[in-house]
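**Student:** Each chain is listed here by its residues.
Protein chains: 2
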Amino acid sequence: MQSLIVVAGGTGTRMGLPVAKQFIEVEGSPLMWWTLRRFRAALGEALDVTLVLHVSLFEGWAELEGRYGAAGVDRVVAGGEERFHSVRHGLAAVPASGGVVGIHDAVRPFVSADVVRTCFREAAVHGSAVPVIPLKDSIREVDGAASRAIPRDALRAVQTPQCFDLGRLRTAYAADYRPDFTDDASVWEAAGSSVHLVPGDPFNLKVTTPEDLIVARAFLREGH
Amino acid sequence: MQSLIVVAGGTGTRMGLPVAKQFIEVEGSPLMWWTLRRFRAALGEALDVTLVLHVSLFEGWAELEGRYGAAGVDRVVAGGEERFHSVRHGLAAVPASGGVVGIHDAVRPFVSADVVRTCFREAAVHGSAVPVIPLKDSIREVDGAASRAIPRDALRAVQTPQCFDLGRLRTAYAADYRPDFTDDASVWEAAGSSVHLVPGDPFNLKVTTPEDLIVARAFLREGH
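Chain order of the listed sequences is A and B.
Take the first sequence: its letter number 223 is residue 223 in this note's numbering, and every next letter is one higher.
Take the second sequence: its letter number 19 is residue 19 in this note's numbering, and every next letter is one higher.
Watch out, some of these pointers could steer you wrong.
To give an idea of the interface, some chain A residues facing chain B are shown, with a C-beta separation under 7 Å as derived from the structure [claimed, not checked]: (1) A149; (2) R156; (3) A157; (4) I214.
No lab work stands behind these hints, which were simulated from the structure alone.
Beta carbons are placed, not taken as given, at the ideal position from N, Cα and C, and that holds for glycine.
Work the whole structure out from these sequences, hints included.
**Tutor:** Set out below in structure tokens:
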């Protein structure tokens with residue numbers, strides 16, 4: 001049993017646009033349509049998809065489905081205060097009681113079928129699978145006005161889908177919220193489980209800023 | 001007195017292309033031409049520019065200047081084994097004895113005039129100025145098969161131009177090479193000086209991979 005939770009709990013204000021970023025039309029479809037097509041293409045029609053959406057966007061969502069056709073989600077549930085709460089809402093709505101669940105950012109439309117399949121397959125074996133890529137820039141840690149170089153070779157940027165054993169992830173998400181829960185791996189880890197890393201994909205960009213939107217258009221035009 | 005060292009010490013093998021990445025033509029000019037134009041536009045003709053180039057590319061450089069016109073560098077010197085040695089060669093060739101020197105990656109053609117001017121101005125006041133931006137992805141530190149989440153809010157990605165007091169940077173570069181010297185700030189810091197951080201620019205991408213090249217074309221087409 002494979003389940004997917006697509007998280008779009010925010011209202012997209014960072015982009016400075018009148019429309020939420022996951023709803024922006026790029027090359028003929030809203031970003032989120034591209035995202036969902038990738039998962040259907042990688043895992044097939046049996047995949048159960050829950051979309052977590054900020055309540056203020058429910059109406060916009062219905063309009064978009066009217067205009068662009070069904071996006072291919074099985075249900076839409078309301079987002080919560082933080083990403084943590086949104087994922088918890090999603091986990092409560094997933095009908096399965098076992099198997100692997102993937103949690104994916106709505107605004108990562110370029111995830112490859114290969115990365116999706118690898119994450120779901122490895123999570124079935126190891127309990128978790130989180131895609132990561134090396135960092136290209138040097139990294140510094142700041143502390144007030146001071147800062148220090150951090151060895152870049154030991155660092156990885158975390159992407160999605162982050163995939164887990166559904167039952168164990170539900171148990172992990174029963175925890176109280178903490179500000180350092182920035183992704184699902186950190187919640188999983190806080191519950192005492194180890195995180196299994198797999199290679200991500202440099203194209204698997206999170207589209208959150210105006211410059212990312214330029215990149216997104218270029219990637220889609222060139223067939224990525 | 002303002003000096004610039006543009007570092008292109010590598011042969012560009014990571015791109016998997018027959019031409020070094022800094023020589024790739026994008027929107028009518030090799031990447032490095034775009035880079036140098038930005039600095040001339042920001043700081044004017046008085047800026048002294050030293051290009052550090054891998055010796056295997058000297059011939060190709062001459063051909064490119066024949067084809068695309070002068071790139072606007074005052075001298076070309078040979079790169080060294082590591083980036084550290086390339087910068088050291090550049091510092092030895094800079095004619096000035098004082099003022100600010102900026103060290104810039106040849107493959108960052110999108111640096112804004114604003115960031116360039118800020119870095120040179122702040123370095124004149126503080127001794128150093130290094131542009132940084134926040135990270136968008138969650139970050140993990142790996143240690144063998146284990147890994148742990150690192151608070152992203154405290155991390156910054158380091159860009160270029162990294163600007164310094166020329167005399168003090170020359171002293172810092174008299175040190176023996178160490179593998180953790182991944183950028184100029186780390187060399188500066190090892191000499192006991194503090195690094196002054198300034199806001200970078202999300203468009204100031206380092207073009208090192210095939211997907212970056214798609215991004216580079218899109219940015220240039222859209223006027224960035």
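**Student:** Now tell me, hint by hint, if it's right for this structure.
**Tutor:** Verification of the hints:
1. A149: holds, 4 Å
2. R156: holds, 5 Å
3. A157: With a minimum Cβ separation of about 4 Å from chain B (threshold 7 Å), the hint on A157 (chain A) holds.
4. I214: holds, 5 Å
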